[in-house]
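Novice: Next come the chains, spelled out residue by residue.
There are 2 protein chains.
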Amino acid sequence: MENFTYCSPTEFVFGKGSESECGRYVRKYGGSRVLLVYGGGSAVRSGLIDRIRASLEKENIALHELSGIQPNPLDTPVYEGIALCRETGADFLLAVGGGSVIDTAKAIAAGVPYDGDFWDFYSGKAQIAAALPVGTVLTIAAAGSEGSGDSVITKTDGMLKRGAGSPLLRARFSILNPALTQTLPAYQTACGATDIMAHVFERYFTNTPEVEITDRLCEAVLLTMVKETPRAIADPDNYDARANIMWAGTVAHNNIVGVGRQQDWNSHALEHELSALYNVAHGAGLAVIMPAWMEHVCAHDPMRFAQMAVRVFGCQMNFADPMQTAKAGIRAFRRFLHGIGMPVNFAELGADEADIPLLVEKLGIPAGGSRQGFMELTAADAEAIYRIAAHAEVE
Amino acid sequence: MENFTYCSPTEFVFGKGSESECGRYVRKYGGSRVLLVYGGGSAVRSGLIDRIRASLEKENIALHELSGIQPNPLDTPVYEGIALCRETGADFLLAVGGGSVIDTAKAIAAGVPYDGDFWDFYSGKAQIAAALPVGTVLTIAAAGSEGSGDSVITKTDGMLKRGAGSPLLRARFSILNPALTQTLPAYQTACGATDIMAHVFERYFTNTPEVEITDRLCEAVLLTMVKETPRAIADPDNYDARANIMWAGTVAHNNIVGVGRQQDWNSHALEHELSALYNVAHGAGLAVIMPAWMEHVCAHDPMRFAQMAVRVFGCQMNFADPMQTAKAGIRAFRRFLHGIGMPVNFAELGADEADIPLLVEKLGIPAGGSRQGFMELTAADAEAIYRIAAHAEVE
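Residue numbers (my numbering), protein chains in the order written: chain A, 16 to 410; chain B, 16 to 410.
It should be emphasised that the hints constitute simulated quantities derived from the structure, not laboratory data. Even glycine gets a Cβ: it sits at the ideal position worked out from N, Cα and C.
Taking lysine to aspartate or glutamate and the EDC-like style, the derived pairs with C-alpha atoms no more than 20 Å apart in a straight line are:
| # | chain 1 | residue 1 | chain 2 | residue 2 |
| --- | --- | --- | --- | --- |
| 1 | B | Lys-31 | A | Glu-225 |
| 2 | A | Lys-242 | B | Glu-225 |
| 3 | A | Lys-377 | A | Asp-367 |
| 4 | A | Lys-31 | B | Glu-17 |
| 5 | B | Lys-31 | A | Glu-17 |
| 6 | B | Lys-140 | B | Asp-130 |
| 7 | B | Lys-140 | B | Asp-172 |
| 8 | B | Lys-31 | B | Asp-65 |
| 9 | A | Lys-31 | B | Glu-225 |
| 10 | B | Lys-170 | B | Glu-95 |
| 11 | B | Lys-242 | A | Glu-225 |
Computed spacing ranges between beta-carbons, pair by pair:
| # | chain 1 | residue 1 | chain 2 | residue 2 | range |
| --- | --- | --- | --- | --- | --- |
| 12 | A | Arg-39 | B | Ser-138 | 29 to 39 Å |
| 13 | B | Asn-75 | A | Leu-373 | 50 to 60 Å |
| 14 | B | Asn-75 | A | Ala-77 | 41 to 51 Å |
| 15 | B | Asn-75 | A | Ser-47 | 36 to 46 Å |
| 16 | A | Ala-201 | B | Cys-22 | 28 to 38 Å |
| 17 | B | Pro-224 | A | Leu-373 | 45 to 55 Å |
| 18 | B | Ala-201 | A | Thr-20 | 25 to 35 Å |
| 19 | A | Pro-128 | B | Asn-75 | 23 to 33 Å |
| 20 | B | Pro-182 | A | Pro-224 | 30 to 40 Å |
| 21 | A | Glu-376 | B | Cys-22 | 38 to 48 Å |
| 22 | A | Pro-251 | B | Cys-22 | 29 to 39 Å |
| 23 | A | Glu-17 | B | Arg-39 | 12 to 22 Å |
| 24 | B | Ala-145 | A | Gln-142 | 32 to 42 Å |
| 25 | B | Gln-85 | A | Met-318 | 41 to 51 Å |
Given the sequences, and given the hints that come with them, work out the whole structure.
Specialist: Listed below in structure tokens is the structure:
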């Protein structure tokens, strides 16, 4: 196990009706003038936004709003939100929605006290040194942004999707009411579940030896997702399935399962180019990319894939030929994704194989260089993974 | 799953050499005048205390010391520490040791700003409303106090062992260097491991349905302990086994694996009377009590015990008669404990069956009343569990 520091100070408020507490929690964490950030649509129609407004009014918290945040969130509303905060003197960001809304609120929070362009944090030009406090009310179990210090934004100019991270971006509180996710369409539920599983796999596939505790914690989250996701798809109103998925989604990405080990975020990077180019759901892109990545890198450490196959997907170990078990595990994962309604290849995703050179180019691996990870990826590796993803089939 | 709030704000600093950072972390969390609390003996001989002093001096932190804290810590050094803090103006408690030292430091931290007797918090007479900040340098993986908001102290008058809890008692930072535990004798290592497993079992045995995520997380910690503990016993210098156990010990008790479910702390309560009366190690007492408790309550929910048997101890499921699997799991647990050198009955522990009425009396279950939990326990149940524990054998 490698040395690490770990701090997850977010207060999680979990359960039915918990969103009615949000005014009280904003006050608890020092907010008196809130910028409420949300998408619109279902959150408004369901009455959630009205309930949030009422909860804030009850605490005499001044309220300004920024709505219309879209999936794969862009930089434009971030600039708008930064200006709005400066203009109104907002001292607290309250994000009501999923990862896109939360990531937008985090970007605004970091941008307000910064003199330069907030994109500097995402391009790697600057480190976040200060940020307004952020709270969240989560409406989809997926990105894990409610418990992480990460944010991903797409720059409109060039459609570059990039991430920034800082302990300062961790939410002060996150309100998790699984009932709010009961109205999600099956496709969005499945996209969220895929994202959650991907967050675990990106930590699971490691070259760090002797990490039994985090291996087992990763597997705990994956086993839960394998059991609970089909239940939530088959029976959207199943509160308990929703609750298990929601807490799994937070645990998957607040890094309690990922400390002390090298991680691999190459599937996320490869997917980000897909969702930036086609505006497909991140989870759907991951469903196509992640098993393809697994197939490409499997030979690097077949026993680790065999462990996944046996412990997570219940495959029988082939002691004479572990690679067969490894491959069976990857097939099982793809079957699982197909079973919850996820695409498994470019055609099902709405991507075009002819764009692969463009995708590889945007990934920005320099000639002769590579991306670090479980297995180093050259541009040729990235292309090979996109090719597998283009043609994959359920077996 | 039940509604919950969860907040674990402690900063964990994990790995080789991490204790050399402790001065910096005291400063980071606002300390300038420290009361250093420790046991003595090995921490002094190994040079650890000198390294801590040097790290504090480097940051110009004023230092006062309270040493000689014993296992099953008493109230007397708590009073001493409170007086010392008031006298010296100490503004930070730094605990270097295991659960006993940390729990003592927490009790002092809560006692300093309180006008009454600190024992009020442990007798249930008062709630903790303020506390000095606490940091820890952990030297044994066991109590989980480095990541919890709990503290257990024994009142000398009547040898009453009682707990107090508050978010205010969570450490600001905890330094976890697994190498510090390599010098522990096998018996102490095993006691610590037993305590860690008991912390998980007290959460695992629940009547709350539909808690797959926390079930799986509990099992992840247990599986890790089953694998790593015998390795650490056989090869004390195995850093990786020590590291996995140490992080498992923190995860076992910072409640990430226990949220949203009813918990059962009756085995701990039954054990506390044993360690208060005989001054035996808490883990050793748990090794005797916990399987006995399991045997007594197993019929309440055989399928939950069968789940433990199959998922944690690798037993084959007896689909015709799940109770057989449940019992096989309990036998496997007791064999495991015996295998790591733990006592399995009163004689091996150094307890006397003749004291059972006294133990039951001190437990304080009122006539006609019971203790809540997985299964409600009357005084007769408690007596039955002590009797099983008195005579248990490895099968």
